[in-house]
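Participant: Chain by chain, the residues:
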Amino acid sequence: MFMENKASDGEQPRVGVYVCYCGMNIASKVDVEAVRQFAEKLPNVVVSRTYKFMCSDPGQELIAHDIKEQNLNRIVVASCSPLLHDATFRKACAKAGLNPFYFTMANIREQVSWVTANSAAATKKAEALVAAAVARVAMHEALEKKRVPVHADVMVVGAGISGIHAALLLANAGKKVYLVEREPSIGGHMGQLDKTFPTLDCSACILTPKMSEVKNHPNITLWTLSEVQEVSGFSGNFKVKVKRNPRFVKLELCVACGQCVEACVFKEGRVPDEYNIGLSKHKPIYMPFPQATPASVLIDPNACLKLSRGKCASKCVEACDRAAIDFEQKVEYSEVDVGAIILATGYQLFDAKKMPEYGYGKYPNVYTMIELERLVNAAGPTQGEIVMRDGRKPKRVGIIHCVGSRDKRHHPYCSSVCCMVSLKMAHLIRERIDAEVFNFYIDMRTTLKGYEEFYDRVLHDGVNFVRGRVAEVTDWAMTPGEEGKLVIRVEDTLIGVVRRIPVDMVVLATAMEAHDNADDVRRKFNISCSKEGWFLERHPKLAPVSTFSDGIFLAGVCQGPKDIPESVAQAGAAAAEALALVDKGFVEIEPNSACIDADTCSGCKTCVPLCPYHAITFDAEKKISAVNEALCKGCGTCVGSCPSGAAQQKLFTDEQLHQEIEGVLNYV
Amino acid sequence: MRYLYYPGCSLKGTGKAYDESLVAVFDKLGMDVKELPGWNCCGATAYMSVDETKAFALAARNLALAEQENGSDPIHLIAPCAACYLVLNKVQKYMGEYGHLREVIANSLKAVGLNYHGTVKVRHPLDVFVNDIGLDKIKAAVSHPLKGLKVASYYGCQVVRPYADFDNQYNPQTMDQLMKALGAEAVDWPLKTRCCGGTLTGTVEEAGLRMSYILLKEASKRGANIMATACPLCQFNLECYQGKMRGTFGDSIDLPVAFFTQIMGRAFGLEAKRIGLQRLFVPVKAAPAMA
Amino acid sequence: MSKPKAGFYWCASCGGCEESVVDLAEDLIAVVAAIDFAFFPCAMDFKREDVEAMKDGEMAVCFINGAVRSSEQFEMVELLRKKSQLIIAYGSCAHMGGIPGLANLYDLESLLKRVYSETESTDNPSGTRPLPQTTVPGGKLTLPTLDESVKSLDQVIPVDYYIPGCPPPTPLLKAAVEAVLSGKLPPKGSVLAPDHALCKECPRIDSKPEDLLIKEFKRPHEIQIDTEKCLLAQGLMCLGSGTRAGCAAVCIKGNMPCTGCMGPVSRVRDHGGAMMGAISSLLEYTEEDQIVAALDSVVDPVGTFYRYGVPASMMFRKHKAPAIGGH
Amino acid sequence: MSNLSLPQTAAGNDGFEPRIVAFFCNWCTYTASDLAGISRMTYAPNTRVIRVMCSGRIEPQLILAALRKGADGVLIGGCHPGDCHYQVGNYKCLRRFKLLKRYFEQMGIEPERVRLEWIAASEGDKVQKVTNEMVEQVRKLGPLNLAEPPKPHHQAAVCAVAAEGAVS
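Residue numbers (the numbering used here), protein chains in the order written: chain A, 1 to 668; chain B, 1001 to 1291; chain C, 2001 to 2327; chain D, 3001 to 3168.
Bear in mind the hints are in silico, worked out from the structure with no lab data behind them. Check before you lean on any hint, since a few could be wrong.
Said to hold, decoys possible - Straight line, CA to CA, 30 Å or less: simulated DSSO-like cross-link-like pairs of lysine-lysine:
hint: 1; chain 1: A; residue 1: K408; chain 2: D; residue 2: K3126
hint: 2; chain 1: A; residue 1: K311; chain 2: A; residue 2: K353
hint: 3; chain 1: A; residue 1: K633; chain 2: A; residue 2: K353
hint: 4; chain 1: A; residue 1: K354; chain 2: D; residue 2: K3126
hint: 5; chain 1: A; residue 1: K239; chain 2: A; residue 2: K531
hint: 6; chain 1: A; residue 1: K531; chain 2: D; residue 2: K3069
hint: 7; chain 1: D; residue 1: K3098; chain 2: C; residue 2: K2229
hint: 8; chain 1: A; residue 1: K354; chain 2: B; residue 2: K1180
hint: 9; chain 1: D; residue 1: K3101; chain 2: C; residue 2: K2320
hint: 10; chain 1: D; residue 1: K3140; chain 2: A; residue 2: K633
hint: 11; chain 1: B; residue 1: K1150; chain 2: B; residue 2: K1217
hint: 12; chain 1: C; residue 1: K2113; chain 2: D; residue 2: K3126
hint: 13; chain 1: D; residue 1: K3140; chain 2: D; residue 2: K3098
Please read these numbers as outputs of a predicted model, since none were measured by experiment.
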């Protein structure tokens, strides 16, 4: 793919240095012109220029032009982070016929102008980094990127709305998709919601068609009750091991007629129903919820007498005329090869018990928002009736925002959906039971399309809004009027008084938070987490669905709180990224692998056990060690431990690093 | 675990009963706890509001003295008075956080030939009884289970806030657990940490009175026949002004308010004088099992 | 045609280097036949004046062994540099500072104090110390002064070639002499020995496991050493993996681990640094405290990894050296 | 509580600006320092970051070279244990670092001059904190000023003579 190498190694280096203003991003702190002049005097430097935006076309043109005209054979660009624009400038060099690896970057933005208060100091630091780059690049050599073919199949982990959407897009594009879901049914949180803001269309009505499309799609292999066990390989060539837990019901036979559930020896439900957040109970054999996909019952092995104690009349078996029930099912493991992986593992809700001042779990009439979602839902435990645990219908309801969000004690971030959810719920409550509703908020955040209008509408519904963080929910009656009520104590910061507002029902808009096991998951996939536990995107602006592991993409809330439209949009983006990868047919491997010089290797075997990828083998014939480039991922551990300097890492050779060290120290 | 006892000024004055009962209980539980030699004022209240730094220096002196007793393992300094407990913890925390303050204090300590490395652990007796001694050992020591005694545990504003980590500051439980262990009934009420009126009673009396009244009223309303406190000032406020409250709110409040250690002592069968029961203004005799 | 003249001088050395010349045995005859020793204080009675009398570059080659510290050594090596066309640093001390180089862990004063006052065998109540000058009846006596640090030869004068080893293996000496005579010499600055590590020539290399991980290090006296098995694999601190070959693995054959006298290969910048990196990487542990505990079995890192090379190492000498007995 | 706030600048060694070479791994610490930039967290300008793919590439020779060539301190940043992008590279780094520290003890190099920190990609604030701490620590210690060994020479001055002389 590259032009002939203008600079054969050994030829006297002719370095071109290009210092970027990056608008004012760099120039506001770093004296760019001074850096240019400084660079000019450095050994081997032939050209030293500045430009407003080096990454722009004219900027790149400038480099190409000099390579041709000035016959440059080494290029240094001092601008932003190499993690951002290395590739851009490498391409520019290649276009001008220079092997792209005769290029290096000095990061004078993220590492200098953006983090340094004092201009003079910033300029000095920038100069040091440029000197290092110039010294280092002289040691660079022409390299070739290796191409490796990729698997066309894609895996999507998590089948909430994000996972479902991504999977469908890929499947419709003709890709084979493995969709892995931990729960017995796909649908995720969206399946539990009643209405969706701001349009108030029924959540189930828009979700279920997509769910059945997934079920029936020829290109989608759906694995429910399944979890990813192990991931190996690399971008384009992942090997994924999936653990598939038994359902004890033959999927292909069950038609979800429900006769088995009827027949179960237990006449009443006995297991708190997850789908209804424990507001109802289901039997050991049950249907997760009416629209569950796959449409099949399953058996909870801990609750089922047959499975837990080994003896039961097994009425369900008799009842099933399709003989779908199978107590013999065991855990299965499937291993598949995929080219890309999309993580859409979603979120969990903040445990309101962590804020005892709000009395959740202590006062029966304190609810979480998701509980209320189930209450108002026609398919919910009360068939859509808003009745409290004590059987009363609330006349006054208080909705507390930011429970666990925007709170240093719990989550500093904004969960971003709660304002709108609370508005939606306030509206539904007014609509259904005409109760008086209070919203207690810190700030109202109704930023997206149609949201502010919805807020306005709810204001006109006569919903009360109190700006202030609620101090406590108590059953202590200070006045006779408060007797038997839940009293919300809050400082109303708009009128500047502390108020006590008695209500019948309190609803807590709990925060979205990362799954407890987010840390294990990210380790499995070798990606990073933000402090809060959200999966970390490669770049907040320019690579929002990519991760630091090539070929692994993010969709939905697992990357950070967002609502349904945003999740779906992001799922689309992730699908497109995955598609771009697997459709290309190959991946190019950064040529930073290690190699061991056969002439100087003494065969001491020190490196062999240190390689995490078993990429180094000892040749018992020649009595030397050798690196298998296909397996090497370029960490350089073997180089760092070779006692005779026979192992070297491309792009990070001893020479290059020692030159860099001298560079940062010698000239400034 | 090696303990030292820092009574602080209140327990040698108005809170004498707290001092007596606590020492008696230590004794009964076979804990060898001697008083910190040469202790001085913890620096709370007036000092803190007049000159914070001096107050910290005062508090630090006590910690430094305690540290001198350090053996192989660090000293646990038991501070029963809520205010002392708060201030000692506060200076402990601030010295860790603010290097500048650390220097100031180090210098003032040097002036009296002392220095402090921050190794002492400041503990509240509630914490020690429940988490070190353990409820089982407490149960075992009970000779007169407090049948029928309905205790409203009142923690006050300082014991569980803001530095304590041994109990939940919104819904503390340790004292309630303790009371249950003594065979009493723990009344669940929402005002466990609401301010008792504190020093207000001495300044804006009716405001202070009202706050104390609210506590006593709610406690009795929830069926309590005694209130347990862990703070000499709370105890004083809640008990001594009940007469005045009757006058002010025309509502008879008559609820004995004892130090939780006195109630422990009672359950342990210690004789009344030893745990200072005679010192209470509102006689506890009325309360079941306390006579 | 006259035989080319050669010199063989010793600075701070133990005499082992001279022994290695004697070890040439019968080959010595050939050497003496081919070259003419113009200066060889250990073996023949030449004086400094004889050297001063020479023309510049009169000697074809001068082998200098021993580290350099005293004013006399400075003068002599500079003189010899002038009189010889080639200077060959001979042996670990001239090459890297050698065992005497370990003195760079202390400052001069504490060394003198230790030697002239403190050692168990010293009886010197008046605290007498050697003086650069003493006047005695009949004139002044002078003694050489000592520099603050021990230096390798090339830290004092330009050196053309190095023959490593403590002492240098005679085959290397022989080869060097032949090269000098034939003029078939490698580029200046070369070490006249193979440029790969000892493992390559080690008779035990096959017994070194490919999955070697080390739990703790043993010292030779602590264990019954297996005479066949890789010494590192037995937990002994063998530096063969990062030390220049050319010694025919004599220590290993003597069932003793390599201590690094031949110095590093040309690609390594700091012998001890490279060895520390390699050996520590092979520790089995991942927990910090376990790692630290395992490393405690490395009794004396400097003495272990820089036994022959403190002056030639990147650190050169101890930083702000405290009084002797520091560790 | 103004009287309790920390003094802004540390005292001592007026005018001395420590020079610190930092080796950061690409996936965690270097990314974190980029994040610090993106989040505009200002910190001491004394560090010069050299990027390596993995802290497993960092070896004693690099650290020694930095100090020899004029650095007053060296900071190493890698992924937290268990988080290494290459699984276990950071452990290799830790092992080498621990042994090197032992060596430095003997060589009289103050331990504060060399520091190893695990900094995850999301911990931009930790880059800021650690850098500032390190700079102040080293500032207190003052310049390193290693004793300079006389430059080794293999001078060619006498080569010509030698070449002829040898064959004569």
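Participant: Need the status of pair C/K2113, D/K3126: alpha-carbon distance at most 30 Å?
Facilitator: violated (48 Å)
Participant: Below or equal to 30 Å on CA atoms is what counts here, so check A/K239 against A/K531.
Facilitator: holds (28 Å)
Participant: Between the alpha carbons of D/K3098 and C/K2229, is the straight-line distance 30 Å or under?
Facilitator: holds (28 Å)
Participant: Would the hint linking A/K354 and B/K1180 be met if the CA-CA limit is 30 Å?
Facilitator: Satisfied, since the Cα-Cα distance of roughly 24 Å is no more than 30 Å.
Participant: Taking 30 Å as the top limit, are the C-alpha atoms of D/K3101 and C/K2320 close enough?
Facilitator: Holds - the C-alpha atoms of C/K2320 and D/K3101 are around 16 Å apart, at most 30 Å.
Participant: Holds or violated: B/K1150 and B/K1217, Cα atoms, limit 30 Å.
Facilitator: holds (14 Å)
Participant: Taking only the CA atoms, is the gap from A/K408 to D/K3126 under or equal to 30 Å?
Facilitator: Holds, because 18 Å separates the two Cα atoms, which is no more than 30 Å.
Participant: Do the alpha carbons of A/K531 and D/K3069 lie within 30 Å of each other, as the hint requires?
Facilitator: violated (37 Å)
Participant: Could you grab the alpha-carbon distance between A/K354 and D/K3126 and see if it respects the 30 Å cut-off?
Facilitator: Distance of about 28 Å is within 30 Å: holds.
Participant: Regarding the pair A/K311 and A/K353, is the alpha-carbon distance no greater than 30 Å?
Facilitator: Answer violated: A/K311 to A/K353 is near 38 Å, above 30 Å.
Participant: Between A/K633 and A/K353, does the CA-CA distance stay at or below 30 Å?
Facilitator: Violated, at roughly 46 Å.
Participant: Quickly compare the C-alpha distance for D/K3140 and D/K3098 to 30 Å and report which way the hint goes.
Facilitator: The given pair, whose Cα atoms are some 23 Å apart, holds under the 30 Å limit.
When each numbered hint is compared with the structure, violations occur for hints 2, 3, 6, 10, 12.
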